[in-house]
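Taking the hints into account, I'd like the entire structure generated from these sequences.
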Amino acid sequence: MKHALTGFGGACLVLLLTIFSGGVTPAMAQHRIASIGQQQERALSTIMDEIATYYTVSIIYDTEQLSSSRTRNWQLSNQSAEYDLNRALRHTNFSFQKLNATTFVIKKQLRKPSPNRPAPVTSSKPPVRTINAKGTILDIDNEEPLIGVNITVDGTGTGTVTDFEGNFSIVVEEGSVLVMSYLGYLSQEITVEKANLGIIRMTTNARQLEEVVVVGYGSQKRSDLTGALSSVSEREIKQLPNTGLDQALQGRAAGVFITQNSGAPGGGVSVRIRGIGSTLTAEPLYVIDGIPVVNDNQGTSSNFAELDGGGQNSNALNTINPSDIESIEILKDASATAIYGARAANGVVIITTKRGAAGRSSIAFESFYGVQEIAKKVPVLNLQEYAEYYDAVGWETIEEFQRPELLGEGTDWQDAVFRQAAMQNYQLTVSGGNKQTRYALSGGYHYKEGIVVGSDFNRFSTKINLDHSFSDRVRLGNSLLVSRTEENITFNSNSQGVVYTGLLMVPNAPVRNADGSFAGPQEEITLSFDNPVARALETNDVNRKTRLLANLYLEADILKNLTYRTEVGTDLIFSNNNTFFPSFSRGNFFGKSGVRERTSNNRFWINKHLLTYKQTIAQRHHLTTLVGFEAQAGQYEWLFASRENLPNNQLESINLGDLGQQQTNGGSGHWALMSWFGRLNYNFDERWLVTGTVRVDGSSRFGPNNRYGVFPSGAVAWRLSQEKFLQDVEALDNLKLRVGVGEVGNQEIGLYSYLANLRAIGVAQGDNLITGFIPDNIAKPDVRWESSFQSNIGLDVGLFKNRIELVADYYVKRADGMLLPALLPATAGSLTPPFVNIGEIENRGIELALRTVNVTGPFEWRSSVNFTRNRNAVVNLVSTGSLVGLIQSLPVTRTEENQPISQFYGYVMEGIFQSQDEVAESAVQADGTRAGDVKFADLNNDGVINEEDQTFLGSPLPDFTLNMTQDFSYKGFSLSVFFQGVFGNKVLNLVRRDSEGLAGLNNQLRTVMDRYTPENPSNTIPRNTNTDPNNNRRISTRFIEDASFIRLKNITLSYSLPAATLERIHCQQIRIYVSAQNLQTWTDYSGYDPEIGSFNQNPIINGVDNGRYPIARSVTFGLNANF
Amino acid sequence: MNTSRILPFLLMLSLLSLVACDDFLDRQPLDQLTVNNFYETVEEVDLALLGSYSPMMDVEWTGKGWMLTEIPSDNTLPGGTDPEFTPIDRFTVTADNPAISNYWRLHYRQITLANTVIARIEEMTISDTEKAPFQAEAQFLRALAYFDLVRLWGGIPLVTTPPEFGEDLLLPRASVSEVYDLIIADFETAAIHLPVQREGQGIGRATRGAALAYLSKVYLTTRDYLAARDAAKAVVDLGTYRLMTDFSENFELETSDNNEESIFQVQYTGCGPFGTGNALQAFFAPWGEGITKDRDGWGSQIPTGPVITNPNTTIMDSWEEGDLRKKWTVMTSNEHYPSINASDGGYTYPAGGASASAGNIKKYVVGSGPDICFMSTPQNFHLVRYADVLLTLAESTMEIEGGVSTNTVALDPFNAVRARAGLPALDQIDRDIILKERRMEFAFEGQRWFDLLRSTKALEIMLLHGRILDTHNLLFPIPAGELEINPKLDQTPGY
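Those protein sequence lines, which keep their order, are chains A and B.
Sequential numbering from 1 applies to the first sequence in this note's numbering.
Sequential numbering from 1 applies to the second sequence in this note's numbering.
It is worth saying that the hints were derived from the structure and are not from the lab.
Remember, it's a predicted structure, so these values are computed and weren't measured experimentally.
Accuracy of the hints is not assured; some may be wrong.
[To be verified] Ranges between beta-carbon positions, derived for each pair:
| no. | chain 1 | residue 1 | chain 2 | residue 2 | range |
| --- | --- | --- | --- | --- | --- |
| 1 | A | D782 | B | V196 | 21 to 27 Å |
| 2 | B | E321 | A | F590 | 37 to 43 Å |
| 3 | B | R90 | A | G394 | 24 to 30 Å |
[Stated by the list, open to error] Some chain B residues flagged as far from chain A (calculated, every beta-carbon gap over 10 Å):
| no. | residue |
| --- | --- |
| 4 | L113 |
| 5 | R151 |
| 6 | D181 |
| 7 | Q267 |
| 8 | E321 |
| 9 | Q428 |
| 10 | L464 |
Glycine included, C-beta positions come from ideal geometry on N, C-alpha and C.
Put into C-alpha cells, the structure is as follows:
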C-alpha cells in the first residue's frame, strides 16, 4: 500500500492520497525522534517518517519497499529535507523526486532519473528527432490529477514522474513508447509522436488488492480478508437516482437479493443476504457510521395504510441521503458478521459516509433532474368493449350500452392514476482541512414525485463530519447526519388500493364531474371501491420524519502498537404520520371526514470502547487484536389520536373534529444490549491468514436465565499466489482460498416475549368504555435468540495484473432453533403464543463475482458480472406443521417442512370445461359448475375438488440472479450499462382475480374478450358469471405467472470536460450525464412489473402482486462539478 | 495528553462498563403490565375481571356468534351463498367454518381469562371473604361460556387452570355431565357470593340474580326441573326485577340497557373501537333504506353480496292477532318506527317489504345518530331477561307436573308474559305452548336453537321448516384447526 506521510505543509496531497488509500488517516509521527536510537540499522520507512515530521513535508513512498530496505548510521541533519533525503537514500536503490516545496515522492531508482533533461542516446542509429513531450495524467473516474506517476521510456530505464498537477514533460526520441505506471492503477503505454500528449487518463485497478475495506469495528486490507464481503463503491451508488441507499445496492453484489417492495418514492425495500434465514425477519443489520440500525420499517415508518388492512410500509432507511455515502460493505458470512453477534444472522451492511481529507478545500456540487413514467400499461377494456361485456354479464340494462358502437373510448383510468413525475436532487459538499482538522460538510435536497398521483417524497439532509488531531497520538471526530423527510402516501398494495382499483374502475365513469368535483360510477354499476383518483388526491396521508444520527469518537495511541478508541453515538427519530380524509358523497359512496395522527419518538444511544493492538513478530507474523465493549439502549414512545366529522374539508387539523368521536392510544418500550467482543487477525508471511472472532451479547429481550449468548467464528485463508511455487506464474496475481465457519444470532422477537404480559382492553360498562386488563401472552421465560450456523468456502482469483478478478463463494447457512410461535389449541385461550426455538431452515448457495478490464488505453472497457444461486429449504417446523401467509385474510403462501419458504399454495387449473358433459364426467367441484368454468385438478383422485387438492404452485424466490455492468470510456466520455436479471421466480398476480375475474361489474383486462363462450371455446379464460358458483377466482395456477425478467436497469452516458477547459474556468471537474433507469424490462409477466418483493418485509409473503406500486421508468440529467 | 493521563481514564471507563450489567439489561415493559406486578390489590383483580367480559362483546360472539344459535333454527332465512351462514342454515356446515371456529375460540378465551383470575386470586393475601365475590364473578363468566359450548358441541375439553408453557395444553373431551357439573358448581358459587345489585360503574356486571337465572336455565336443560323451578323462584323472590310495561322498552335504545327486566346483558357503547358496539344492526337492517346512514344493513338483498339473514316466513305467519311484540321483532309493510332516525321523522318500512319474506328483523335495529355507528350501536344485547325467568318458572312447573299444567304457579308467570304482549291469558299450558311462547318472546335473541335442542322436538320442527336432520346435526363439528393441533380431540360423530 502506498503510504503518505505528511508534515503540515503537504495538506493538498493528503487529500488525494487519503481518498486513494480508502480514507485511512495517515500515520503521524511528530514526536518519535527522541525514542529512536541513532546508530542502529533502521528501515527507510522509519527514516522517511522522521524527515517528514521534522521538516513538516509530505513524503510519498511504497510502504512495502521501504520498510524492507534498511540503512545504517543516518541521523537528522537539521539542514533541509532534500539534504537528509539524499543522505538517507545514498546507498539504496531509491531516489526521490521533489514535486513541490513540501512534497516528495520516493521511487525505485531508475538508471538515471533525469526529468526535463534529454534522454541519453541509447542506440547507434542515426539520431532521430527528439521531442519534449508534455502531458497531464488524470484519474479516469474523478478526473483528479495523479501525482507521482512513474513515466519511463520503454527500453531505456529513463523516466520522470508527474507533478502536483499531474503534469509531466520528458524529452524523448520521436516514436519512443512511454510507459506510465502507478500503484493501484493499470499501467498504460503511449507512443510519442507529437509534443503535446494531452490528457492521459489512468484507470484504477478494478479491485486492487491493496484497497482497504471497512469491516466490523475496523478496516482491513482487502488482501487480508478471510470472510465473504462485497463492497459497493460511491460510483455505483451514485449512478442511480435513488431515494434510499438500500435501493442503490440492488444487483451490485453477489448473494444480496434486493427487491423494491413498492415503487412509491421512498417505498419499502427488502434486502435478503444469502436467502431467507428466518420467518421473523430476514432483514440485515445496518451500521451507519458506527450506529447499528435495524430497518424493521415498523415503529418508525408506519403509515395508516396498514390500519386499512394492507399496504406497504415506507422505508426507514430513506432518511439517509445516498449522496453522502462513501462506501457500502456487505458482510455475508459468519466469519465476517460474527463480530455483530446476536443481530448478525441476516448479514450486516456497513455504511460509511464521506469524510474530509487534509488538503485543498473541495467544493462539489451535484444535481440531477429527471422525469419518470410508468414503464407499461396493462391493456383493459375500453368503453365500447366494456359495454359489450356488461351486457353479456346481464345486469340491469343501461340504455347507452345498447349501442356500443356509438360509444367512445371512455375514461382511461390508468392515464388518470399515473402521471409523468418529476424528480430532482441537489447536493453541495464542502470538504478539506489540514493536517490537524479535516471536515466534510454537505447539504442536500431530494424531491421525487410518484408516478401515482398524490404520492411524493422529499428530503432535506445535512451532514457534518469532522476529524481533529490533538497530537499525533490523540484524535477526535464526529459524524452527524440530520435529515427531514416528508412522504405523501397513496394507499396501495391492497385490493382497495389506487393501483389495483385503477385497473378495475369502469370506463364509463368520468374522473371528475363538469364542476370539477370527483365523480363516482353511476348508480346502476355497483362497485366495492371508489374513484381511485379521488382516493389518491383527496386523502392526505403524510409521513414526516426527522432523524439525527450522530457519532463522536476519540482515538488515542496509548502505546506504539496499542490504540484505544471510544465512540458515543445516538440515533433519534421523530416521526409524525397525519392522515386526513374529507367527507364525500359520490355514486354509491359516501363517508365522513376524519383525521388520524400518530407521532412517535425513537431514541437510541450507543457507547463503544475498543482496544486494537498490532504487532509484527520476526517480520513474518503480523497480529492484530481487537477487544471491545459496547452498550446500547433504545426507547420509543408513540401516541395516536383521531377525530371525525370536521366542519368542512378546508382545514385538516385534528382539533376541529368532533369531540364525541375522538380516540387516543399510545405506547412505549425500551431495550438494551450489552456486548463484549474480540477479534484476532493473524497473518503469517502474507501467505496464511487466520481470523478468530467471538462476541458475547446480553440482550434485554430474553429472560434472566437465558440472557447471554456467545457467538464464535473462525476463518482461514491461504494466499496461494504468495507461495514460491506460484511465484513464477506471471499471469497469476492473486489466488486465495478462504474457509470460514461461525455462529450468529437473530434476536428480533419483540421486546418482552419472555414475560407474561397483560393487555389493556376497553370494556363497555353502562355508556362508558372502561379499561380492563387481560393476559396477553403465554410466557416462555427460556426463549432465546435464533442461532444460525454458517459456513463458507471461497476463492479469490486475480489474473493478468488483476485485469480479471473472480470471487467465488459457496455457503451453507443453517438456522436451527428458529423462533416460531408455538402452536396451541384455542382451548388454551388464544393468547399470543410463546416463541419457541424449534424451527430449522437452511440456505445454501453459490456466488460468483467477476470483474474484468477488457480494453485499456484511450478507449477503455470494463465489465462486471455477478451471479447468485440460493436454495432454501425449511428443514423443520416441528409441531407447527405449516405457516400460512395471508394477504387481506386470503391464504396465499404456505411454508412447510422440506419445502422452500413461502411458496404459493392452491389449486391446479387444468383448463376450462368445454361442455356440461365434461363437467359431469369430472371430479365434483361445486353445485353451480357449468361449461366455461375452470376445471381444477383432482390431485388426490377422490372425485371431489376440495382443500385436499391444493398443492404448492411455485416459489417466489428466484432460481438464480445474474447482473451485469459494462463500462466504456473514451476521452471525456463514458458509458455505463447495467442489466439486472432475475430468473425462475413466480409471482401470484392477485390483481387478476378481479381484473380477469369475470365475476363482477368492475372493468376487466382485454384478455377477457377471449373468454369462454359456447361460440368461443377458450381453454384459458373462463366464462363470465355474476356469482362465480365454481369459485373460478380461487388461488390456482391460473394466477401464477413466471416473473423472470431481464431489466436494463441503468444506462448512463457522461461527459467530463477536459482539463484544459477546466483550468480556464477554475474548476477541477465538471461532469454532465444523462441516465435512464428501468428503460426496458424483458419479461413474460402480464402485470405492471415483475419485481414484487415481500409484503411489508414479511419473510413468508413474497411475490404477491396485490396492486403493488410499479417501479417507474425514468430519465435523468445530471451535473456534477468540483471546484 | 500522554499515556499516564489516559490510562486511569480508560480504567475508569472499563470499570464503569462492567458495573451492574444485569440491571442495565433488565428492561421491564413500560406500556404493559405483567403478571408479576398485577393481581395484587382488590382494584387490580377488579380490572382483570372487567377485562374478562371482553370476549362476549366480540362481534364473533354476539354478532356472528348469534348466527350459530338462531340461523340453524326455523326463525331465519339467510339468502344467497354466504360461506359462513348458508351452510349453517342448510346443515352442510363443515369443520372449517370460520363462524364456528371463532365462536369456539372466543368462548375458550373467556374461560381462560376467568381461569387466570381465579388462579391469581388464590395467590392473593386478602381474606377468603374478600376473595369470594371476585372468585364468584370469574366463575360466573366461566360457566356462562361452558354452558354455550356444551349445548352446541356436547362434551368438550374442560379447562380450569390458566395456560402455562410446558404444561400439557392438549386436552380430550370431557363428558357432558362433567361439563355440567362444573357449570352448576360455578353458577351455584356465583349465586351465593355475587351481589344482588350493582351500582355505579359496576352496573351490568354479573349479579346473584344473573347466576340464579342461568342456574335455572342450566337445570331446565339438564331436565332437573325441581332445581330449575327453585332457582327461577329464587330470582323472582329477589324482588329486584319486573317485566317492563311495554315490550318495546326492551328494544328501544333509550330504555333497553340495564333496565329492570334485564338480568344479564352484553354491555355495549356505540361508535367506539371496533368490537365495543353492538354489530347486529348491520346484519339485520335492510339494504338501501338509509337506516344506518352507511352502505346499510345486510338484512336483505344487497347488490354485491348475499343476504345475511331475514325472518323466515314461518315466523312471520306465526304471530297471534294483536301480539304487541310483532312490531318490535320484525319490520313489516308500512310499519312506522318513530325512534329510528327520529331526527328525520322516524322510519317507515316499505310496503311489500324489503326482503324475500317481506320483513326484516327489528330487534337491535335502532337507526343512526350521534352515538350510533353502522356496525356499532350502543344497545346492550340481552342474554337473560326476566321474561325468560318467568317462562322458565312456568316450564319447569309444567314439567314437574308431567307436561301439562293448570297450576297458577305455572300459569301466573306465563300469563304475565302474554299479558304484556297484549294477548289473552291461557288456563292450561303444555310443552308446545311454552315452546311457541318462547319463540315469539325471544325471537332473534339467540334462544330458539337452544330451545329446540332441549325440547326433543328439534327434528320434528325442523322438518316443518324443510330441513331433514340427522341427530348429528344437533351438534356442531369441532373446528378443523383445533383437531389438527390437538390429536386427543375426537370430531363430533357424523362430521
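Going through the hints against the structure:
no., hint, result
1, D782/A / V196/B: 21 to 27 Å, "47 Å, violated"
2, E321/B / F590/A: 37 to 43 Å, "42 Å, holds"
3, R90/B / G394/A: 24 to 30 Å, "26 Å, holds"
4, L113, "5 Å, violated"
5, R151, "17 Å, holds"
6, D181, "18 Å, holds"
7, Q267, "4 Å, violated"
8, E321, "38 Å, holds"
9, Q428, "42 Å, holds"
10, L464, "25 Å, holds"
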